[in-house]
Amino acid sequence: MSATKEQARQTARSAALTVAGGVLCLVGLGFLTAALWIVLATEYGALIAALLLGGLYLILGGAVLAFGREPQSRVRPEARPVMPQEPPAAPPRPSDPWLDLAEGFARGLQAGREIRRDRR
1 MSATKEQARQ TARSAALTVA GGVLCLVGLG FLTAALWIVL ATEYGALIAA
51 LLLGGLYLIL GGAVLAFGRE PQSRVRPEAR PVMPQEPPAA PPRPSDPWLD
101 LAEGFARGLQ AGREIRRDRR
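So in our numbering the end of the sequence shown lands on 120, straight run, no missing numbers.
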């Protein structure tokens, strides 16, 4: 049980640091956008600055969406292995950090409820 708790703690810590890093990156992106706006608006005017920044974010967003739609692994039909007579044991399911985080959160809520119920 302690290994599960340790894994849940590490997953929660990793998720928290990832969220904090993402927020800091977004703040930095906001400041860089404001600085780029000032430079473009001073040099070319507000209309051109808005068009350039809007186009830049549109292109970046489209690229992110395009990469998100691409399948992670491509398996060719001819590369499929031949099924053996006995099916092998199911491999362990890969761990999803968000699923682990949600499971840890739910277990923590349940533990808190049980402690509160025992005190009554």
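Check each hint, because a few of them may be wrong.
What the hints assert, rightly or not - In silico lysine to any residue, SDA-like type, Cα no more than 20 Å apart, as pairs:
| hint | residue 1 | residue 2 |
| --- | --- | --- |
| 1 | Lys-5 | Gln-85 |
| 2 | Lys-5 | Gly-62 |
| 3 | Lys-5 | Ala-63 |
| 4 | Lys-5 | Leu-109 |
| 5 | Lys-5 | Val-64 |
| 6 | Lys-5 | Ile-115 |
| 7 | Lys-5 | Ala-15 |
| 8 | Lys-5 | Ala-89 |
| 9 | Lys-5 | Pro-94 |
| 10 | Lys-5 | Leu-65 |
| 11 | Lys-5 | Gly-68 |
| 12 | Lys-5 | Phe-67 |
| 13 | Lys-5 | Phe-105 |
| 14 | Lys-5 | Arg-119 |
No wet-lab data here; the hints were simulated from the structure.
Hints versus structure:
The suggested pairing of Lys-5 with Gln-85 is violated, with an alpha-carbon distance near 39 Å, which exceeds 20 Å. Distance restraint check for Lys-5 and Gly-62: the Cα-Cα separation of roughly 40 Å exceeds the 20 Å cut-off, and the hinted pair is therefore not satisfied. Between Lys-5 and Ala-63, the direct Cα distance comes to roughly 39 Å. Violation of the 20 Å bound is thereby established for this hinted pair. Proposed proximity of Lys-5 and Leu-109 is supported: the alpha carbons are some 14 Å apart, at most 20 Å.
Taken as a hint, the Lys-5 and Val-64 pair is broken in the structure, with Cα atoms around 35 Å apart against an allowance of 20 Å. Taking the CA atoms of Lys-5 and Ile-115, the gap is near 17 Å; set against the 20 Å cutoff, the hint holds. Among the hinted pairs, Lys-5 with Ala-15 is consistent with the structure: their alpha-carbon atoms are about 15 Å apart, no more than 20 Å. The straight-line distance between the Cα atoms of Lys-5 and Ala-89 is roughly 27 Å, outside the 20 Å bound, and the hint therefore fails.
Restraint check for Lys-5 and Pro-94: the C-alpha separation of about 18 Å stays at or below 20 Å, so the hint holds. As the CA atoms of Lys-5 and Leu-65 are separated by approximately 36 Å, the hinted pair breaks the 20 Å bound. A threshold of 20 Å between alpha carbons decides the hint, and for Lys-5 with Gly-68 the separation of about 32 Å lies outside it, so the pair is violated. For a cut-off of 20 Å, the pair hint linking Lys-5 to Phe-67 is broken: about 35 Å separates their Cα positions.
Restraint check for Lys-5 and Phe-105: the C-alpha separation of about 11 Å stays at or below 20 Å, so the hint holds. Taking the CA atoms of Lys-5 and Arg-119, the gap is near 23 Å; set against the 20 Å cutoff, the hint is violated.
Consistency with the previously given hints fails for numbers 1, 2, 3, 5, 8, 10, 11, 12, 14, ordered from lowest to highest.
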